[in-house]
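**Student:** Chain by chain, the residues run as shown.
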Amino acid sequence: AQSVTQLGSHVSVSEGALVLLRCNYSSSVPPYLFWYVQYPNQGLQLLLKYTTGATLVKGINGFEAEFKKSETSFHLTKPSAHMSDAAEYFCAVSDRTDKLIFGTGTRLQVFP
Amino acid sequence: DVKVTQSSRYLVKRTGEKVFLECVQDMDHENMFWYRQDPGLGLRLIYFSYDVKMKEKGDIPEGYSVSREKKERFSLILESASTNQTSMYLCASSSTMREAFFGQGTRLTVV
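If you're matching them up, the sequences are chains A and B in order.
If you're matching positions, the first sequence starts at 1 in this note's numbering and goes up one per residue.
If you're matching positions, the second sequence starts at 1001 in this note's numbering and goes up one per residue.
Source of the hints: derived by calculation from the structure; they are not laboratory data.
Everything numeric in this text was worked out from a predicted model, so none of it was measured.
Hints should not be assumed to be uniformly reliable.
Going by beta-carbon spacing under 10 Å, a handful of chain B positions derived as facing chain A [said to hold, decoys possible]: (1) Gln1006; (2) Ser1008; (3) Glu1030; (4) Asn1031; (5) Leu1041; (6) Leu1043; (7) Arg1044; (8) Phe1048; (9) Tyr1050; (10) Glu1056; (11) Tyr1064; (12) Thr1086; (13) Leu1090; (14) Ala1100; (15) Phe1102.
Glycine residues also receive a C-beta, built at the ideal position from the N, C-alpha and C atoms.
Based on the sequences and whatever the hints tell you, model everything.
**Tutor:** Structure, rendered in structure tokens:
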């Protein structure tokens, strides 16, 4: 069965600092991997996805993630945090049946 | 733009009531999902439907059922609501092997 582990339920950074949100997955088949963001009182919005091809994936708002098969990881990064990045971030994995399984989420705080 | 619409943003129901949460998508997606979101637990899959009248249990189906009579509509049913079903419920839809699109969520309180 597929699963996702997000290390760190809360991450705090200063504005302008590097953002690193960690995600490890388990899947018996080559996975599809996703990062979603949720702003307060809103639904989830797709940041980026990996399906096949290039392992470094660029998303919206300056975020990117790298698929590392050997480490079963799909960590999310952004070189310079902005106050507007404060939100909850969810990593998700899908096998080829389209069932989508989420991690427990990481709340990002950005301090001025 | 893809639109996933959940019928209510907020609901308050009494213990023992039968509760229907409705979700409609307008992009002819094959897949539809119901998740429950609780602090510290992330999104947990309740049920998944990959076609009309087809459904598959997720990780926490107990106390819930679903109905998908038409492709665009996926209903979550709480047969007898209990206080431990107080939560945020999120509906999503996707096309095969593509990302899911989410509704705004329904915050259900069972008193």
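**Student:** Hint check: is the beta carbon of B:Gln1006 less than 10 Å from a beta carbon of chain A?
**Tutor:** holds, 9 Å
**Student:** Quick check on B:Arg1044 please, does its C-beta sit within 10 Å of some C-beta on chain A?
**Tutor:** With a minimum Cβ separation of about 8 Å from chain A (threshold 10 Å), the hint on B:Arg1044 holds.
**Student:** Answer holds if the nearest beta-carbon of chain A is closer than 10 Å to that of B:Asn1031; otherwise answer violated.
**Tutor:** Interface hint status for B:Asn1031: holds (5 Å vs cutoff 10 Å).
**Student:** Does B:Tyr1064 hold up as a contact with chain A if the rule is Cβ-Cβ below 10 Å?
**Tutor:** violated, 16 Å
**Student:** Tell me if B:Ser1008 is really an interface residue toward chain A, meaning its C-beta lies closer than 10 Å to one of theirs.
**Tutor:** With Cβ-Cβ at 14 Å, over 10 Å, it is violated.
**Student:** Does the nearest C-beta of chain A fall within a distance shorter than 10 Å of the C-beta of B:Tyr1050?
**Tutor:** holds, 6 Å
**Student:** Quick check on B:Ala1100 please, does its C-beta sit within 10 Å of some C-beta on chain A?
**Tutor:** B:Ala1100 check passes; min Cβ-Cβ to chain A is 5 Å, inside 10 Å.
**Student:** Tell me if B:Leu1041 is really an interface residue toward chain A, meaning its C-beta lies closer than 10 Å to one of theirs.
**Tutor:** Check passed: Cβ of B:Leu1041 comes within 6 Å of chain A, closer than 10 Å.
**Student:** Does B:Phe1102 pass the interface check with chain A, least Cβ-Cβ distance below 10 Å?
**Tutor:** With a closest approach of 4 Å, the B:Phe1102 hint holds.
**Student:** Report holds or violated for the interface hint on B:Glu1056, using the least CB-CB distance to chain A and a cut-off of 10 Å.
**Tutor:** holds, 7 Å
**Student:** Would the hint on B:Phe1048 be counted as holding, given a Cβ-Cβ threshold of 10 Å to chain A?
**Tutor:** holds, 5 Å
**Student:** Hey, does the B:Thr1086 contact hint survive, CB to chain A under 10 Å?
**Tutor:** Because about 17 Å separates B:Thr1086 from the closest Cβ in chain A, which is outside the 10 Å limit, the hint is violated.
Comparing the model with each earlier hint shows violations of hints 2, 11 and 12; every other hint is respected.
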